[in-house]
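Sequence lines, in order, name chains A and B.
Heads up: the first sequence begins at 1 in my numbering, then just goes up one per residue.
Heads up: the second sequence begins at 1 in my numbering, then just goes up one per residue.
It is worth saying that the hints were derived from the structure and are not from the lab.
Watch out, some of these pointers could steer you wrong.
Listed next, the in silico BS3-like pairs over lysine-lysine satisfying Cα-Cα at most 25 Å (straight line) [said to hold, decoys possible]:
no., chain 1, residue 1, chain 2, residue 2
1, B, Lys34, B, Lys15
2, B, Lys157, A, Lys365
3, A, Lys316, A, Lys252
4, B, Lys188, A, Lys365
5, B, Lys157, A, Lys333
6, B, Lys79, A, Lys333
Here chain B is said to cover these stretches of chain A; the calculated rule only asks that three of the stretch's residues, wherever they fall, bring their Cβ under 8 Å from a Cβ of chain B [said to hold, decoys possible]:
no., segment
7, 132-145
8, 187-194
9, 232-242
10, 359-368
C-beta: ideal position from N, C-alpha, C; glycine also.
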Amino acid sequence: MSSLKSRERVIRALNHKETDRIPIDIGGIYNLTTLHKDAYKKLQKYLGYNNKITISSMLSQTAFPDEYVRQRFKADCYPLYMPLDKMNINLQWDKDGSSWYKDEWGVKWMCPANGLYYDPVGHPLEGCTLEDIDKFNWPDPNDNSKWLGMGKRAKDLYENTDYALVVNGPFNGGVYVPCQWLMGYEDFFIKMMIEPEIIEAMLEKIVEYHIGQWNLILDEVGKYAQVVVLSDDLGTQNAPLMRPSLYRQLIKPAQAKVVNFIKSKADVKIVYHCDGAISEFISDFIDIGVDAWNPVQVSADGMDDTAKLKKEYGDKLTFWGAGCESQTVLSTKTPEDIREEVKRRINDLGSDGGLILASIHNIQKDVPIENIVAFYDALYEFGTAFYQK
Amino acid sequence: MKITDQISESLQQGKLEDVKELINKALEDGILPKVILNEGLLEGMSTIGQKFKNNEVFVPDVLIAARAMNGGIEILKPKLVDGDVKPIARAILCTVKGDMHDIGKNLVKMMLEGKGIEVIDLGVNVSEDSIVEAVKKYKPQIVGLSALLTTTMHQQKVVINSLEEAGLRDKVKVMVGGAPVTQTFASKIGADAYTSDAATCSEVAEKFALEV
Ligand code: B12
Numbered sequence: 001m002s003s004l005k006s007r008e009r010v011i012r013a014l015n016h017k018e019t020d021r022i023p024i025d026i027g028g029i030y031n032l033t034t035l036h037k038d039a040y041k042k043l044q045k046y047l048g049y050n051n052k053i054t055i056s057s058m059l060s061q062t063a064f065p066d067e068y069v070r071q072r073f074k075a076d077c078y079p080l081y082m083p084l085d086k087m088n089i090n091l092q093w094d095k096d097g098s099s100w101y102k103d104e105w106g107v108k109w110m111c112p113a114n115g116l117y118y119d120p121v122g123h124p125l126e127g128c129t130l131e132d133i134d135k136f137n138w139p140d141p142n143d144n145s146k147w148l149g150m151g152k153r154a155k156d157l158y159e160n161t162d163y164a165l166v167v168n169g170p171f172n173g174g175v176y177v178p179c180q181w182l183m184g185y186e187d188f189f190i191k192m193m194i195e196p197e198i199i200e201a202m203l204e205k206i207v208e209y210h211i212g213q214w215n216l217i218l219d220e221v222g223k224y225a226q227v228v229v230l231s232d233d234l235g236t237q238n239a240p241l242m243r244p245s246l247y248r249q250l251i252k253p254a255q256a257k258v259v260n261f262i263k264s265k266a267d268v269k270i271v272y273h274c275d276g277a278i279s280e281f282i283s284d285f286i287d288i289g290v291d292a293w294n295p296v297q298v299s300a301d302g303m304d305d306t307a308k309l310k311k312e313y314g315d316k317l318t319f320w321g322a323g324c325e326s327q328t329v330l331s332t333k334t335p336e337d338i339r340e341e342v343k344r345r346i347n348d349l350g351s352d353g354g355l356i357l358a359s360i361h362n363i364q365k366d367v368p369i370e371n372i373v374a375f376y377d378a379l380y381e382f383g384t385a386f387y388q389k
Numbered sequence: 001m002k003i004t005d006q007i008s009e010s011l012q013q014g015k016l017e018d019v020k021e022l023i024n025k026a027l028e029d030g031i032l033p034k035v036i037l038n039e040g041l042l043e044g045m046s047t048i049g050q051k052f053k054n055n056e057v058f059v060p061d062v063l064i065a066a067r068a069m070n071g072g073i074e075i076l077k078p079k080l081v082d083g084d085v086k087p088i089a090r091a092i093l094c095t096v097k098g099d100m101h102d103i104g105k106n107l108v109k110m111m112l113e114g115k116g117i118e119v120i121d122l123g124v125n126v127s128e129d130s131i132v133e134a135v136k137k138y139k140p141q142i143v144g145l146s147a148l149l150t151t152t153m154h155q156q157k158v159v160i161n162s163l164e165e166a167g168l169r170d171k172v173k174v175m176v177g178g179a180p181v182t183q184t185f186a187s188k189i190g191a192d193a194y195t196s197d198a199a200t201c202s203e204v205a206e207k208f209a210l211e212v
């Protein structure tokens, strides 16, 4: 096949058509397929330069890969997201060296002294009642201040580059996960079981926010973007995080509303991020209209047999990630092992399109630089060789 | 069905009010608080742990069961005499420095308590120094370390080294766990035990407790 442009390559892959080579994503999902800033620093140093790093996601402390990195490793995707300066973060420092801020919902995010990430530690609606949800000062779903200017950027990228544009929206794409930020993880799980009406009420608010925001975002970028990211974790290392029936009863309908709205508004594909051991949920994703699934955490139970996943779901779902096992191989094995692993995943998942290669979650600080480079180079090498066989 | 079995059943379903009611009834019937605790509450918690391990129930189920257990214990507490509730061992538990994941650690805590082990929970992001301090202060038999990230699992090794340096290593059994941790890793860093789930963790801890 003659050589394709990045955008076309990604679109074809998402439509389950073969491409000249398998598309690669580095940083398109701005908080999930990129590198932690410390890993990125190593990469820059290896490549022989030392520019100021743009942090894409506050929570993940991830780098926005610059043009040099994208070109060097042949990445095909480009993220659209709200830059940090629009978040109005008022960072505070505690005596113990930890730093924290509150977001517009009142959720407190904290990074311990010498920590690597910001995580939710203060939950404004912990222990809430229906009345509390009613009275809560919910941010306005129709506030467009954060997304102003995104349309111009999208148009510019659309017209002047070949990249596939990936939109990262409110709550990092979370539909139910924001409930956990607002009320805390345990409170959320307990309420799911004993006061589901509270979860439903909160989900309604969050869906309303999503729809309001996506309406504004897609007005700005809908004409130019190819992909929208959603994200809700449903898996642990070895099991679903919750009863599948409970997911179907409470969460799935909320996710479906957001997916439907986005799809009715713009001609985009949806990539849905979900870690862990989630075999039981894959058909639900397909059901609600998700087009692609990230990251395919192959080290979680039941996820290692990627050939089987492809056989079962490959005609309906694009795999976005899956590049290399990230809990042992990427960080502790040799470049040669990594190449073998990349080759294997491509062989399992590459046929007939439906694969966009990326790291499984962000590349973390502990990954040796020679492994990072071997990994990205292998994506291109084997992703090219695969269709030329 | 025996009333203690009913208590265990209701606990497994997370029915806090039912558990309380049944306990009051059992007390009225003259059943010993200690029997209600062991054959009702702790038995129920242990069963739910097994079901969790077999993927028959999930995180939310365990959380509401633990909530019911704690509610039940509240009622029993004033009625139990000292000898009834003497914990079989004491454990220090935490998520290691740099790591904020605590859902798994909290389940481990609940399961350990379900085996009658007293748990001092140091929380998340806990440094090796704080752990050494806590071991000196509380003199536990068990130290449980949770780590969910490849960037923090090595901290488990750092803790073991610090315990060694402080001359405390042979005073405690160190148990490690969390998503990326494996038996191979645990052996390599010299931990005394690894388990992949909270129920098995509590069983191994119980064994350790009985050995001491
Ligand atoms: C929920 C979750 C979160 C939540 C945590 C909320 C909380 N309060 O805990 C949030 C969103 C905050 C989060 C944040 C991050 N996370 Co996270 N997270 C997960 C997820 C999806 C589930 C973890 C979980 O709660 N499981 C449920 C519990 C019940 O299981 P468990 O913890 O494994 O515990 C069981 C056993 O392991 C064992 N056990 C646990 N502890 C102990 C201790 C002892 C002594 C013993 C014997 C046994 C034992 O018993 C438990 C019960 O059976 C996992 C996916 C996965 N595969 O695990 C990713 C995962 C762990 N996260 C990951 C990452 C990368 C992150 C972030 C870095 C993301 C980011 N922001 O960039 C941050 C880092 C936060 C930090 N500073 O620590 C990666 C780690 C990858 C790696 N390289 O190691 C994972 C594997 C996801 C992935 N696909 O790669 N995360």
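Each hint, compared with the structure:
With a C-alpha separation of about 21 Å, the suggested pair B/Lys34 and B/Lys15 falls inside the 25 Å cut-off, and the hint holds. For the given pair, B/Lys157 sits about 18 Å from A/Lys365 by alpha-carbon distance, which is consistent with the 25 Å threshold. A hinted pair counts as satisfied when its Cα atoms are at most 25 Å apart, and A/Lys316 with A/Lys252 qualifies at roughly 18 Å. Of the pairs offered as hints, the one joining B/Lys188 and A/Lys365 holds, with about 22 Å between alpha carbons and a cut-off of 25 Å not exceeded.
Restraint check for B/Lys157 and A/Lys333: the C-alpha separation of about 19 Å stays at or below 25 Å, so the hint holds. Restraint check for B/Lys79 and A/Lys333: not satisfied, since their Cα atoms lie roughly 57 Å apart, outside the 25 Å limit. Three residues within the 8 Å Cβ limit are the bar, and the segment 132-145 of chain A against chain B gives 0, so the coverage statement is violated. For the segment 187-194 of chain A, the assignment as covered by chain B holds, since 5 residues bring a beta-carbon within under 8 Å of that chain's beta-carbons and 3 suffice.
With 7 residues carrying a beta carbon less than 8 Å from a beta carbon of chain B, the segment 232-242 of chain A meets the three-residue requirement, and the given coverage holds. With 3 residues having a beta carbon nearer than 8 Å to a beta carbon of chain B, the segment 359-368 of chain A meets the requirement of three or more and the stated coverage holds.
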